[in-house]
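For reference, each letter of the sequence shown is one residue, going 337 to 890 in our numbering.
Treat each hint with caution, since some may be false.
[What the hints assert, rightly or not] As a list, the in silico PhoX-like pairs of lysine-lysine whose alpha-carbon atoms are at most 20 Å apart:
(1) Lys878 <-> Lys422
(2) Lys561 <-> Lys864
(3) Lys732 <-> Lys856
(4) Lys856 <-> Lys878
[Unchecked claim] Computed Cβ-Cβ distance ranges for the label pairs, DEER-style:
(5) Gln816 <-> Glu728: 23 to 31 Å
(6) Ser568 <-> Asn658: 46 to 54 Å
(7) Asn685 <-> Lys763: 44 to 52 Å
(8) Glu728 <-> Gln513: 46 to 54 Å
(9) Ala412 <-> Trp857: 46 to 54 Å
(10) Phe483 <-> Trp857: 45 to 53 Å
(11) Glu847 <-> Val566: 32 to 40 Å
(12) Gln598 <-> Lys763: 40 to 48 Å
(13) Asn866 <-> Gly671: 49 to 57 Å
(14) Asn685 <-> Asp645: 34 to 42 Å
(15) Gly491 <-> Gly656: 17 to 25 Å
(16) Ser781 <-> Gly656: 30 to 38 Å
(17) Asn685 <-> Phe483: 43 to 51 Å
(18) Asn866 <-> Asn685: 44 to 52 Å
Honestly, the hints are just simulated from the structure, not real lab data.
Quick reminder that beta carbons are idealized off the backbone N, C-alpha and C, glycines included.
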Amino acid sequence: MLVRALHAHTTQNSQSLKIKRYFQNRKEKKKKKRKLNISLTMIAYLEHFVHGNDTESIPNDDVLGVEGSFHFGATAGAGKDFGGMKSAKALAVIRPGASADVARAVKAAARKANLTVAARGNGHSINGQAMAENGLVLDMRAMESHFTLLSLHDGSLYVDVSGGALWEEVLKRCVSQFRVAPRSWTDYLGLTVGGTLSNAGVSGQSFRYGPQTSNVTELEVVTGKGETLVCSETQNSELFFATLGGLGQFGIITRARVAVQQAPDMVRWIRVVYSEFEDFTSDAEWLVTLGEGDGFDYVEGFVLVNSDDPCNGWPTVPMGPNQRFNPVRVPSTAGPVLYCLELALHYRNQDHPAAVDMEVDRLLGRLRFVEGLKFCVDVTYMEFLLRVNRVEEDAKANGIWDAPHPWLNLFVSNSHIAEFDREVFKKILIHGVGGPILVYPLLRSKWDSRHSVVVPDSNIFYIIALLRFIPPPPKGPPTQLLVEQNHEIIQLCYNRGFDFKLYLPHYHSQENWMRHYGDKWTRFVERKANFDPLAILAPGQKIFSRIPQPLSIT
337 MLVRALHAHT TQNSQSLKIK RYFQNRKEKK KKKRKLNISL TMIAYLEHFV
387 HGNDTESIPN DDVLGVEGSF HFGATAGAGK DFGGMKSAKA LAVIRPGASA
437 DVARAVKAAA RKANLTVAAR GNGHSINGQA MAENGLVLDM RAMESHFTLL
487 SLHDGSLYVD VSGGALWEEV LKRCVSQFRV APRSWTDYLG LTVGGTLSNA
537 GVSGQSFRYG PQTSNVTELE VVTGKGETLV CSETQNSELF FATLGGLGQF
587 GIITRARVAV QQAPDMVRWI RVVYSEFEDF TSDAEWLVTL GEGDGFDYVE
637 GFVLVNSDDP CNGWPTVPMG PNQRFNPVRV PSTAGPVLYC LELALHYRNQ
687 DHPAAVDMEV DRLLGRLRFV EGLKFCVDVT YMEFLLRVNR VEEDAKANGI
737 WDAPHPWLNL FVSNSHIAEF DREVFKKILI HGVGGPILVY PLLRSKWDSR
787 HSVVVPDSNI FYIIALLRFI PPPPKGPPTQ LLVEQNHEII QLCYNRGFDF
837 KLYLPHYHSQ ENWMRHYGDK WTRFVERKAN FDPLAILAPG QKIFSRIPQP
887 LSIT
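Please model the entire structure based on the sequences and the hints provided.
As structure tokens, then:
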């Protein structure tokens, strides 16, 4: 497939080309020698640790005596994550500058009997998934910036980006430089490309374009054997499918080719409130099954407490400073919780306001929300996608951003979502969770079954996300109590026979992992044997144990 990079190339005459090649050859020889020195120094450094020497001393560049993009870093930050409930002391933190550095780190670990390697993005895992007890943690944010806009012969557009890039960085460069944007997002964009692609990447656009894993055509991956491979549906395809949604078990993503499209200028951002769950789900499912160009561009939803609780109730719905939730509008028949659909329609600056109003009214006219409980604002596309940044700023100002986050994310079949509402939303979580309770439908047809991520069997299933922002004790409840509440919800799903899966899963036994993957477990194990036979990668997921023998790698 022919690919045309959208940037200019300078031309040179034959004499300047010869001079350039001469210096390039000298540079490559020096680079290879430098890489060898770095690799040998790293191995010697690891020997220093493995044989029980001082684990607190972290060498700086002067001590290493080498130059280049490969550096060791302090280990303290790698021992915690956004969840704030797990800790693990890494042997060393490595700051790779390029995929070759990642490969050298994996190869060095493979030569030792028990070393493991974890790729860490922006530290937003919840249960220690990106940690490596007495292992190597790769700080993927140190990867050199890589951003290239590509146009294929059929006119489709893509961007090649580093696996360590934040989605927020990708958004800003795409929109500001080329007026394009990826099609599928996550709600919070302070996450790395490699991190979300190793899970799925879900937001309000997923009903139309699928998760982020369905919007990637090519990856560069470093396997557990230390091999750096480019993969796609037609090249090293098994690695490609395994890595997407593979929880980091098969390889570390160092580059991704992401589909993009023309970015809109503005967004009509809408929230409408429901008192009846049946009306809420019926309308949501109707919206996500409309054809492209015939509906909203974003569909999400959330549960709120039917009270004036500032963190869980009515005040969480209005979006503008002059908007107010009028509780008189809530029907007297409403229960302890209400439901809110959150919608967005993209448009361009040249679109006439009346045309935008007409399209919004056409779609809203079919919905059965509570009259008088509709809220909307017009914002730029960038403001809409970065909407969670304000939540982050407020949480940091209130001291709850760095508090523990016992979050829970599930996929539940639409055939069981009404019972989930009755037993969980209206009973277990009747007082809220101190943060958003997201619930909205997704379409199984938009997910690729060849990928490693598993979802419910039904054609329509719901993502449920309990995003707790609660002060630590004594102001808030004990974290362990909230973790136990999560376990209660999961156990209820098992006991009731729900068709469900954990998203961003975390289990303590291989038996539970086998149950999670079901009939895909054999494939998962075979892929592990192919691409990470000694179980070096992603030990924090607690799926496989490191095989205590060195791997012969050249």
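Going down the list of hints, with the structure as the test:
{"no.": "1", "hint": "Lys878 <-> Lys422", "in the structure": "13 Å, holds"}
{"no.": "2", "hint": "Lys561 <-> Lys864", "in the structure": "11 Å, holds"}
{"no.": "3", "hint": "Lys732 <-> Lys856", "in the structure": "40 Å, violated"}
{"no.": "4", "hint": "Lys856 <-> Lys878", "in the structure": "18 Å, holds"}
{"no.": "5", "hint": "Gln816 <-> Glu728: 23 to 31 Å", "in the structure": "25 Å, holds"}
{"no.": "6", "hint": "Ser568 <-> Asn658: 46 to 54 Å", "in the structure": "50 Å, holds"}
{"no.": "7", "hint": "Asn685 <-> Lys763: 44 to 52 Å", "in the structure": "48 Å, holds"}
{"no.": "8", "hint": "Glu728 <-> Gln513: 46 to 54 Å", "in the structure": "25 Å, violated"}
{"no.": "9", "hint": "Ala412 <-> Trp857: 46 to 54 Å", "in the structure": "36 Å, violated"}
{"no.": "10", "hint": "Phe483 <-> Trp857: 45 to 53 Å", "in the structure": "37 Å, violated"}
{"no.": "11", "hint": "Glu847 <-> Val566: 32 to 40 Å", "in the structure": "36 Å, holds"}
{"no.": "12", "hint": "Gln598 <-> Lys763: 40 to 48 Å", "in the structure": "46 Å, holds"}
{"no.": "13", "hint": "Asn866 <-> Gly671: 49 to 57 Å", "in the structure": "51 Å, holds"}
{"no.": "14", "hint": "Asn685 <-> Asp645: 34 to 42 Å", "in the structure": "39 Å, holds"}
{"no.": "15", "hint": "Gly491 <-> Gly656: 17 to 25 Å", "in the structure": "39 Å, violated"}
{"no.": "16", "hint": "Ser781 <-> Gly656: 30 to 38 Å", "in the structure": "36 Å, holds"}
{"no.": "17", "hint": "Asn685 <-> Phe483: 43 to 51 Å", "in the structure": "26 Å, violated"}
{"no.": "18", "hint": "Asn866 <-> Asn685: 44 to 52 Å", "in the structure": "50 Å, holds"}
Violated hints for the displayed structure, listed by number in ascending order: 3, 8, 9, 10, 15, 17.
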